[in-house]
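**Student:** Here the structure of chain A is known, so what remains is to put chains B, C and D in place on it, guided by the hints.
Residue numbers (the numbering used here), protein chains in the order written: chain A, 1 to 305; chain B, 1 to 305; chain C, 1 to 305; chain D, 1 to 305.
Since no wrong hints were added, every one of them can be taken at face value.
Where chains are identical, the list cannot tell them apart; a pair therefore holds if satisfied intra-copy or between any two copies.
Simulated pairs of lysine to aspartate or glutamate, EDC-like, Cα-Cα distance not exceeding 16 Å:
#1 K286 to D265
#2 K282 to D255
#3 K282 to D265
#4 K105 to D133
#5 K121 to E132
Source of the hints: derived by calculation from the structure; they are not laboratory data. Just so it is clear, the structure is predicted and the values come from calculations on it, not from any experiment.
4 protein chains.
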Amino acid sequence: MEIEFSKWFFDEVNPHLLQLHAFEGMIYSGKTKFQTLEIMKSPVFGKVLLLDGKIQSSEADEFIYHELLVHPPMLAHPKPEKVFIAGGGEGATLREILKHPSVKKAVMVDIDADVITISKKYLPEYAAGAFEDKRSKVYNTDARKWLAESKEKFDVIIIDLTEPVEKGPAYLLYTKEFYQIVQSKLTENGVISVQAGCASYTELLNLKAVSHTLKSIFPIVSIYQADIPSFGGPWGFTVASMNLDVAAMTPAEVDKKLKARRITDLKFYDGLTHMQMFTLPKHMRKATRGGRLITDDSPLYLYKG
Amino acid sequence: MEIEFSKWFFDEVNPHLLQLHAFEGMIYSGKTKFQTLEIMKSPVFGKVLLLDGKIQSSEADEFIYHELLVHPPMLAHPKPEKVFIAGGGEGATLREILKHPSVKKAVMVDIDADVITISKKYLPEYAAGAFEDKRSKVYNTDARKWLAESKEKFDVIIIDLTEPVEKGPAYLLYTKEFYQIVQSKLTENGVISVQAGCASYTELLNLKAVSHTLKSIFPIVSIYQADIPSFGGPWGFTVASMNLDVAAMTPAEVDKKLKARRITDLKFYDGLTHMQMFTLPKHMRKATRGGRLITDDSPLYLYKG
Amino acid sequence: MEIEFSKWFFDEVNPHLLQLHAFEGMIYSGKTKFQTLEIMKSPVFGKVLLLDGKIQSSEADEFIYHELLVHPPMLAHPKPEKVFIAGGGEGATLREILKHPSVKKAVMVDIDADVITISKKYLPEYAAGAFEDKRSKVYNTDARKWLAESKEKFDVIIIDLTEPVEKGPAYLLYTKEFYQIVQSKLTENGVISVQAGCASYTELLNLKAVSHTLKSIFPIVSIYQADIPSFGGPWGFTVASMNLDVAAMTPAEVDKKLKARRITDLKFYDGLTHMQMFTLPKHMRKATRGGRLITDDSPLYLYKG
Amino acid sequence: MEIEFSKWFFDEVNPHLLQLHAFEGMIYSGKTKFQTLEIMKSPVFGKVLLLDGKIQSSEADEFIYHELLVHPPMLAHPKPEKVFIAGGGEGATLREILKHPSVKKAVMVDIDADVITISKKYLPEYAAGAFEDKRSKVYNTDARKWLAESKEKFDVIIIDLTEPVEKGPAYLLYTKEFYQIVQSKLTENGVISVQAGCASYTELLNLKAVSHTLKSIFPIVSIYQADIPSFGGPWGFTVASMNLDVAAMTPAEVDKKLKARRITDLKFYDGLTHMQMFTLPKHMRKATRGGRLITDDSPLYLYKG
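Chain A extracted, bound-state conformation:
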C-alpha cells in the first residue's frame, strides 16, 4: 500500500469503521458559537465542509445531496410557493429550491450565522447567489422555536441538519414533538424531506428511527438513498406527507414535471434516478422496517441510538 499524503481526516462511520480522507490543507478552521467549523481541501473531493468534525458536503458531490433532498418533495408538490428549510447553512439547499419557478418565499432558519458567513466567503459556488435572491429570508435562531411560533404555513419543509449529537445543536430537531410542529405548519398538500443519516446495511439505526418517528405522524413515508462518496457510502433520506406519495412518481412524470418547470441543469436527479433511489434492494426493504420512536425525552444520538 502506498500512501501519498501525510495529513488525514478521521471520519467515524461507526466505532468499528473509520474513513480516512487525505487532505492537502485547511482552508478555514475555527469555532462558532455552536460548533467547530472547518473547510479542508481534499485531492479527491475538493473543498470539504466539516461541522463538529463530520463532513457536511464536498465540492465534488454536494450536487447529489442537495438535489436529492430538495427535488423529490418540491416536484411532488403541484405548486410549491412557500418553502421552509431547517438548517441549510451553505446555501445549496436554498439554491436548488429557487430553481422551482412557483416559489415565492424560501425561509431558511439556521441557528449558526457563522456557517452562513463563512460559506459565503469560502464556498460561494455552493449558494451561487441564492442568499441574494429576493425570495430568500434567512434567520439565525432555533429552527424549532421559529417554526412553532410561525403563523405561516409551508408547502415544503426541508430538514437539512447536522446529525443528532449529544448536546449538539440539532438533536431536538429529530424528535416526534418536532415533527408534530412540522406537520402543523404544512399546507394541505405539504411535504417534508429529511436527511436521515447513513444508509449502509450495517448502520441503519438513525435512518430507521427517523422514518419510524415520521410514520407516527404522517401516513405516507418513504425512504430513499444514494451513494455520496465523501460521506463514505450510501446516505438515507425520508419524505413524508399527509396526502402526497412522493415515491410513486414514475420516471416519465418526473421528467415531464422537470421540463414543465424548466429545470434543465440537474446533474444527479431525473426520472430514472428518482425510480432508482426510491427502490431499495430486497435486504434493505427488510432491514429498514421498524425502528425506534425518537422523542424529546428519549432523543437519538449518533452512534449511541
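**Tutor:** Same frame as chain A, now just chains B, C and D:
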C-alpha cells in the same frame, strides 16, 4: 471520537481514501503460492476473507456480492446447463449457481488451491456444500489457459476474481484477449458477468475500463452496481452477451423466473433489486461512459490505471 | 510514504499522539478473568504481549525493561535473599532476579493466572525456566492483599504492573496506602523499584505522581529512564528506600558488583548504563519535580491524571 | 481508546511504525522550489514545522534539538570565531551559536530561501532576532558548493539538514565526499556536528552510516543522543574532529565553560546533560558499531539504506 478497538485493518479505497476496519482477532493468516490469505474477525462484518490485503467477502454481506454476480446472467439465460467460473475460491459463487435446477455442470477454475482448502475449513457456510455437489468440477490452474484449451462451451461464464494487481494472479484475466477467449467459449445465448471493481463516483477507472473492453467484443454490455458495506461503498459489475439483454428483464419477469426455477431463498436479489441495480443515477450514467481498452500489452492495474 | 502492511495496532501514547505498529499476525487473542490478552507478531519487535490493548513487552526489547527494573535495586542491596514481585506475569522479571546468587526465595504474586499460563506456552524464552526454579513461589491473588497479610519481609520488592486503568486490576497498587504496606514489608536495607510509565518530556503525569507518592513514604527516591522502542519512547522507573541510595552507585561499583555476583549475560545494564539512566537532562530534572499524591481515595488513572 | 481529534498527521518512523500527531489546524501550507513546507498547530507540541512531510522542529521541544546540535562542538572548541551552518532554515541553530561571545561570523547556507522567509513570519521566536545580528551571513545556495568554493575556514561546522531523501535537497550532504570538503574547511581545532537521524535501537541505519562515514575522515568521532518527543523518540547526532574530543569534557568542565562564556539561559544542556547524552547504554554501544560508507555514488536514503 471514541474508538473502542485497537487492531485495525487498513483497506485502501484509493491513495487518498482509506477505510479502517476494527477487528477482534485473526482466524487465519498465511501465504499461499500466489498470494497472502487472511481471515479476520470483525465486530461488524463477522469473518472477513482477505487476499493480498484486499477484502474479498465478509460473512455479513457476501450474499449481496454472490447473488449479484450470479443470478442476473443465470436468469437471463433461458436454460443454463453448463457454467464456468474463473476464480470463485470461497465456493459461494458455485453455491448460487447450483440453485438453478437446469445446471448440469459447473466448472470452477481457481489458480489457488489453498484458498479453496482454507475456505472449506474456516468458512464452510460460504460454499454450504457446493464443492461436494456432483455437478461441481474444480480445477486449480490458470483459468485463462484452461478456458483457451477447453473443447466445451458454456452458457454462462462468471468472472469472480481478485482485482488486477501488478504481478498478481489476475491481471491477464481482465484484458480484451481474455474476453475474446471467453466469447469463443460461450454458447449461442451465452452470457458473461464480471466483478469490475469500485463503483464510487470518484473511483470509476476499473469499472469503466472493464466495460469498455467488454464492449470491444460484445454488442450488449450493461453495468450494474450495489452497495457492499464491507467493500466500503458501491461495487460495480458488468454483464455482456452477443444476444441477450440481461438488464432489460422487468421486475415481474425476474420474479416469475425465480419462481419458475424454485429459487426462494435469496436475500438480496429479486425483481425490484434487478431494476434498481441496473438503473444508474444520471451522473453515473454519464460518468461511466467511455474508458480505456485493456489489453495484454497494456493491462490495467488497480489504483494505477 | 509507502506503507507495506495492512494490519495495525493502535497504541495510545496520549489522546493526541498515537503510535501505530504494523503486525503480521496474531499469535494469541483472548480474554482472561481480568483483562484482554493478545500476542501479536511484529516485523520490528517480534512477539509482542498486550494486556488490555497496551504493550507490555516485546521479544526485541524486553531485556531493556526487565534488566532496568530488576538490577538497580538488586545490586544496591548488599545481599538480597528474599524478593517480592507484584505482577510480573511473563516471568522475565523473575528470570533476572534469579541471576543474583544470594536469592533464596522469589515470591511472585500476579492476580492473573492466565497471563502466566499463556506466557509459558507462547513466550517460553521470556521466563527461560524461571518458573521451574525451586526458589520461585508463584501465587495468583491480589498482590496488595497478599503483601498486607504476609508475615515475611523482603529485601527487594519489585512492582511490575500494568498501568493504572479505571476499574483495571492495578490502580490500587499505585497509591500511598499500598506503598505504606510495601514499606512495612521491607527489611532494613530494603529497596523497591516501580515501573512508572511514560518518561517523555510532554507526558510526565504518571511518572511524577508515582515518584511524588513514593517520596511521601521513603526518604530516598530516584527516577531513572531508558528508551524502550516498542513502548514508543523513553520509559520511567522509580527506586525508593529508607536507607540505600541506588542512584549513587558509580559505574565502577556497578561493574564490580556484577562481576562479584557472576552476572555476565546482561545486554542492557552495566556501570555506564547505570550512570546514564539515572542522569536526567536538565529540562527533565526540572520537569520531574513535584507531582500529585496518589491515594486510594484519589487514585491515578492513565491519561486522566 | 478515546480519540479527541479528527485531524492527524502521519509521521513514518519506519514502514512498520507510524506516529500519528493530532493537530488543531494548519498555520501555513505551501510548496517552495525544493520541498513542501507546512506549519501545523499541535495540542501537545504547539507550532510544528514540516518539510516534505517530516517534522523538523516543534515549539515545545526545539530547544532540545538546537542546544544539542550547537553547544557540544562550540564548547569543545576553545574560542570559536567563525561558524558555518549547512541548512538551519528556522534560524534557531544560528540563535544558539550567537550565544557564544567569541563568535565573529556565522555563515548559514540554506538552499531554500522560502524556509527562512516563512519561518521569520510564522516562527519568529525560533530565530529570536538571530537573522538580524550583524555577525550573521545568510546565503541561499547549495551548501556543499558554497563550502567547496569558500576561501575561508571555520572553527565549527554544523550540519543541520533534512534527512536524505531520494532526489531531495540534502542527500549529497551526507556523503564521504562532502565530509572531505568539510574537513578541508575546518581550522586546526575545528569540530563538526551532524544531526544523524533516529537513534532508536531498532532504527539505527542512518545514525550508523553517518558515523561510519565520518570515521573514514576524522580520527575522533562520537555519537550522542537525546529524546525529542515530537520526533517520536531518541534522536542521534555525531561530532567529529581531527584533534578535539568533544565527548570527553567532564560535567564540571562543561558547566565551567558555560559560565565563563556567560551562557545562562539553556534549558536542556549542561554538564550532567553532556555526560548523559554522550553515554550510551550497553546495547546501544554495541548496536551503533559499524555501519556502511556513504558516498556520492552510493548515497544513503531514508528508510531504504
